[in-house]
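**Q** Here are the chains, one letter per residue:
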Amino acid sequence: QVQLQESGPGLVKPSQTLSLTCTVSGGSISSGSYYWSWIRQPAGKGLEWIGRIYTSGSTNYNPSLKSRVTISVDTSNNQFSLKLSSVTAADTAVYYCARADCSDGTCYQFDYWGQGTLVTVSS
Amino acid sequence: DIVMTQSPDSLAVSLGERATINCKSSQSVLYSSNNKNYLAWYQQKPGQPPKLLIYWASTRESEVPDRFSGSGSGTDFTLTISSLQAEDVAVYYCQQYFDPLRTFGQGTKVEIK
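Protein chains in written order, with our numbering: chain A, 27 to 149; chain P, 5 to 117.
A portion of the hints provided could be inaccurate.
Stated by the list, open to error - Straight-line Cα separation of at most 16 Å, EDC-like style, residue types lysine to aspartate or glutamate; simulated pairs:
#1 Lys28/P x Asp103/P
#2 Lys40/P x Asp130/A
#3 Lys92/A x Asp13/P
#4 Lys71/A x Asp103/P
#5 Lys40/P x Asp92/P
#6 Lys40/P x Asp80/P
#7 Lys55/P x Glu67/P
#8 Lys55/P x Asp130/A
Hints in this document: simulated from the structure, not taken from any laboratory.
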């Protein structure tokens, strides 16, 4: 059974960089054909897709965040990471990592999610 | 971007009664080459991550109770809970995976009347 677990600082100062890691267990992050995403949810609000990285290492980002986002993968540690620069209070949210299955270049629904981690942007 | 709009924002249903949630996409999420709708439904309970219920608009994820069903095609979709149970109190989201920019509906909160 695949499991995902987010980790990282719960408090980040404005203008600094938010850094989170998602550790995948129960399977290799580089086996199969998947993409690994970050999704966030401000308190009491809906879900916003941030971006993804494929098993191959290629990435796609939400245009609304693209200038500030970097997603990378560390296959040796079975992890992928999110960096979001120049944060403001508007970036305060629960951040989830999630997996989507892919086939023949097309990727589908999010079938596994981490429990989420709350990141607060405040001085 | 494909905008996903759910209705209603919230609904209260008596135990054992039917709950119906609608989701409309700003453009079709039906892929003509395979005749599949790239639409999923998730359930989120307080303090938990979303849980996949339905994909391809109508295929239940394994171990999801059969009181949950999805229907629709193109731009209009429905999630139905045929007989609401206490454990179904949650927020439900639709999500399209047709466009590379994945988008979710705003959520529908289901409560017990």
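**Q** Look at each hint and say if it fits the structure.
**A** Evaluated hints:
no. : hint               : verdict
1   : Lys28/P x Asp103/P : holds (15 Å)
2   : Lys40/P x Asp130/A : holds (15 Å)
3   : Lys92/A x Asp13/P  : violated (29 Å)
4   : Lys71/A x Asp103/P : violated (22 Å)
5   : Lys40/P x Asp92/P  : violated (27 Å)
6   : Lys40/P x Asp80/P  : holds (13 Å)
7   : Lys55/P x Glu67/P  : holds (11 Å)
8   : Lys55/P x Asp130/A : violated (25 Å)
The structure fails hints 3, 4, 5 and 8 (numbered hints given earlier, in ascending order).
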